[in-house]
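*Asks:* Each chain is listed here by its residues.
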Amino acid sequence: MEKRTDKNTYTLIFAIIMVLVVGSLLAYLAASLKPTITENQRLEKQQNILYAMGINNNEGTSAKFVTTQEAPELFNKFIKQQLVVTSDGQATENNEAYLIDVKKEQAKAKKGEERQLPLFVGEDESGKKYYIAPIRGKGLWDAIWAYVAMDENMVVQGAYFDHKGETPGLGANIKQRYFMDDFIGEHLMYNGSFKGINVAKGNADPKNDDKTDNEVDAIAGATITGDGVSAMIRSDLKLYVPYFTNLKQ
Amino acid sequence: MSLLSKKDVALIKDPLADNNPITIQVLGICSALAITAELEASIVMAISVLFVLGVGNVVISLMRNIIPSKIRIIVQLIVVATLVIIVDLVLKAFAYELSKTLSVFVGLIITNCIIMGRFEAFALANDPWRSFLDGIGNSLGYGVILIIVGFFRELLGAGTLLGIPVLGDPIELTGLYQFGYENNGFMLLSPMALIVVGIIIWVQRSRNKALIED
Numbered sequence: 647m648e649k650r651t652d653k654n655t656y657t658l659i660f661a662i663i664m665v666l667v668v669g670s671l672l673a674y675l676a677a678s679l680k681p682t683i684t685e686n687q688r689l690e691k692q693q694n695i696l697y698a699m700g701i702n703n704n705e706g707t708s709a710k711f712v713t714t715q716e717a718p719e720l721f722n723k724f725i726k727q728q729l730v731v732t733s734d735g736q737a738t739e740n741n742e743a744y745l746i747d748v749k750k751e752q753a754k755a756k757k758g759e760e761r762q763l764p765l766f767v768g769e770d771e772s773g774k775k776y777y778i779a780p781i782r783g784k785g786l787w788d789a790i791w792a793y794v795a796m797d798e799n800m801v802v803q804g805a806y807f808d809h810k811g812e813t814p815g816l817g818a819n820i821k822q823r824y825f826m827d828d829f830i831g832e833h834l835m836y837n838g839s840f841k842g843i844n845v846a847k848g849n850a851d852p853k854n855d856d857k858t859d860n861e862v863d864a865i866a867g868a869t870i871t872g873d874g875v876s877a878m879i880r881s882d883l884k885l886y887v888p889y890f891t892n893l894k895q
Numbered sequence: 032m033s034l035l036s037k038k039d040v041a042l043i044k045d046p047l048a049d050n051n052p053i054t055i056q057v058l059g060i061c062s063a064l065a066i067t068a069e070l071e072a073s074i075v076m077a078i079s080v081l082f083v084l085g086v087g088n089v090v091i092s093l094m095r096n097i098i099p100s101k102i103r104i105i106v107q108l109i110v111v112a113t114l115v116i117i118v119d120l121v122l123k124a125f126a127y128e129l130s131k132t133l134s135v136f137v138g139l140i141i142t143n144c145i146i147m148g149r150f151e152a153f154a155l156a157n158d159p160w161r162s163f164l165d166g167i168g169n170s171l172g173y174g175v176i177l178i179i180v181g182f183f184r185e186l187l188g189a190g191t192l193l194g195i196p197v198l199g200d201p202i203e204l205t206g207l208y209q210f211g212y213e214n215n216g217f218m219l220l221s222p223m224a225l226i227v228v229g230i231i232i233w234v235q236r237s238r239n240k241a242l243i244e245d
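Top line first, the protein sequences correspond to chains C and S. In terms of our numbering, the first sequence has 804 at position 158, counting the first letter as 1, and numbering is strictly consecutive. In terms of our numbering, the second sequence has 37 at position 6, counting the first letter as 1, and numbering is strictly consecutive.
FYI, nobody ran anything at the bench for these hints, they're computed from the structure. Computed from a predicted structure; not experimentally measured. Keep in mind that a hint or two might mislead.
Sample of chain C residues with no beta-carbon within 10 Å of chain S, all distances over it, derived [to be verified]:
| # | residue |
| --- | --- |
| 1 | VAL748 |
| 2 | TYR836 |
| 3 | ALA850 |
| 4 | GLU861 |
Chain C stretches covered by chain S per the calculated footprint, using a threshold of three residues with CB under 8 Å from any CB of chain S [unchecked claim]:
| # | segment |
| --- | --- |
| 5 | 766-779 |
| 6 | 792-802 |
| 7 | 812-818 |
List time: in silico DSS-like cross-link candidates among lysine-lysine, alpha-carbon distance up to 30 Å [unchecked claim]:
| # | chain 1 | residue 1 | chain 2 | residue 2 |
| --- | --- | --- | --- | --- |
| 8 | C | LYS653 | S | LYS101 |
| 9 | C | LYS754 | S | LYS131 |
| 10 | S | LYS131 | C | LYS756 |
| 11 | S | LYS240 | C | LYS691 |
| 12 | C | LYS853 | C | LYS821 |
| 13 | S | LYS101 | C | LYS680 |
| 14 | S | LYS131 | C | LYS784 |
| 15 | S | LYS240 | C | LYS749 |
| 16 | C | LYS810 | S | LYS44 |
| 17 | S | LYS131 | C | LYS723 |
| 18 | C | LYS649 | S | LYS131 |
| 19 | S | LYS38 | C | LYS847 |
| 20 | C | LYS757 | C | LYS653 |
| 21 | C | LYS841 | C | LYS784 |
| 22 | S | LYS44 | S | LYS240 |
| 23 | S | LYS131 | C | LYS750 |
| 24 | C | LYS726 | C | LYS710 |
| 25 | C | LYS680 | C | LYS857 |
| 26 | C | LYS691 | C | LYS821 |
| 27 | S | LYS131 | C | LYS710 |
| 28 | C | LYS821 | S | LYS131 |
The C-beta atom is built at its ideal place from N, Cα and C for all residues, glycine as well.
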């Protein structure tokens, strides 16, 4: 005799009920948790930007943000200006610039529309200025992104890298201190024109003493992620060159 | 009557040794390759699988009499996916830092063949309590191998354990490195995980000849 659970009608009804139950459960959960998640992401952006300009709770060799409680206050204190830059280097102030989604702006540029480039001007307690730009690119598996703090000559003053799904122990190590700190002091310009920073294998300078060679040491086993980092620096930070040229005049 | 009968104990103990999911059943090899370059990632993955397999086995076991056999694989897949997404959402809202560490594992857990394998082989035919024990046992057996492989790969590949340098500094040449020791970068690549798993299988089978197949 055929079992009740083998019948086609039963199978069909079971499938429909299951989809409805699971679907509404997940939809309800996602909708009710969304405000909390968005708030977390907003605070994380502030933490990232502060990290790049050296406002962080780093201990020993591990990278640590300022706490989420402190972040909004410190962000207001140290970030003096939030700008939206255009491709010809014109800047307008916009206090919501840190909420601009770089991914969406990149998609706009691909369609031939004008891309908004957020730039944050920070000033630390000694009065030193930092120009912090968010950039985004592709790693091996998924998106990678960074916040790079520069001075007015486009010399890197700090960087924070992050990724969505790079391999733990290999590509994921771009968010380790030893990799991020290598960028500090590196020049993005070479002989007056923009060159970027290459994540180089077989680097002749593993201790990274030469800051003007436009190179940092790559991570073993993370070639594609490293190439992604080089590419995103080259393509995204280049867009800020007109702004810095205007700044100096 | 004690809480665990002899059979119950075997459900937990067997997968740890003579019926290990990775070395004997050869399930879950893909994730063992992907995330064992670091000890920390191995531990996180082991705990995640422990949770998902424990709860998933119970859910499937409770539903075992009403699941239509024609679509049981899809039903199992949906149960795993739902569990993982719920955990991911809750972590994103209430433990954001932790969720970032875990995000890379979400896909790997859903597709982990150990989970589907145990649903299919055990939970569909057994009561919830025994299924729960089976889930715990198998994920522990999986976790043990993951942690052993992660330990050797991180130690020999990067000279660190849980991110802490234990062999000295390779650039400043302190500790072992002053005697000319070099990190073996090859350990960080996936093929070495297979070789380490292979060595574990070799050791295990040479100690217990009953495990050797003809």
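*Asks:* Confirm or reject each hint.
*Replies:* We went through each hint and held it up to the structure:
1. VAL748: VAL748 (chain C) is indeed farther than 10 Å from all Cβ atoms of chain S, at 18 Å.
2. TYR836: 26 Å, holds
3. ALA850: Per Cβ check, ALA850 (chain C) is outside 10 Å of chain S; nearest 14 Å; holds.
4. GLU861: 16 Å, holds
5. 766-779: Since 0 is below three, the answer is violated.
6. 792-802: violated (count 0)
7. 812-818: Check passed, 6 qualifying residues.
8. C:LYS653 <-> S:LYS101: With a Cα-Cα distance of about 9 Å, the restraint between LYS653 (chain C) and LYS101 (chain S) holds, given a limit of 30 Å.
9. C:LYS754 <-> S:LYS131: 27 Å, holds
10. S:LYS131 <-> C:LYS756: 29 Å, holds
11. S:LYS240 <-> C:LYS691: Between LYS240 (chain S) and LYS691 (chain C) the Cα gap is close to 57 Å, so the pair fails against 30 Å, i.e. violated.
12. C:LYS853 <-> C:LYS821: 18 Å, holds
13. S:LYS101 <-> C:LYS680: Roughly 36 Å separates the two Cα atoms, so the pair is violated.
14. S:LYS131 <-> C:LYS784: It holds: about 18 Å lies between the C-alpha atoms, which stays within 30 Å.
15. S:LYS240 <-> C:LYS749: Distance ~57 Å between LYS240 (chain S) and LYS749 (chain C) Cα, so the pair is violated.
16. C:LYS810 <-> S:LYS44: It is violated: about 37 Å lies between the C-alpha atoms, which goes past 30 Å.
17. S:LYS131 <-> C:LYS723: At roughly 27 Å apart (the allowed maximum being 30 Å), LYS723 (chain C) and LYS131 (chain S) satisfy the hint.
18. C:LYS649 <-> S:LYS131: 46 Å, violated
19. S:LYS38 <-> C:LYS847: Measuring from Cα to Cα gives roughly 55 Å; hence the hint is violated.
20. C:LYS757 <-> C:LYS653: Cα-Cα ~51 Å, so violated.
21. C:LYS841 <-> C:LYS784: Holds - the C-alpha atoms of LYS784 (chain C) and LYS841 (chain C) are around 19 Å apart, at most 30 Å.
22. S:LYS44 <-> S:LYS240: 19 Å, holds
23. S:LYS131 <-> C:LYS750: 21 Å, holds
24. C:LYS726 <-> C:LYS710: Holds - the C-alpha atoms of LYS710 (chain C) and LYS726 (chain C) are around 23 Å apart, at most 30 Å.
25. C:LYS680 <-> C:LYS857: Violated, at about 43 Å.
26. C:LYS691 <-> C:LYS821: Given pair LYS691 (chain C), LYS821 (chain C) holds - Cα atoms ~15 Å apart, limit 30 Å.
27. S:LYS131 <-> C:LYS710: 14 Å, holds
28. C:LYS821 <-> S:LYS131: Measuring from Cα to Cα gives roughly 12 Å; hence the hint holds.
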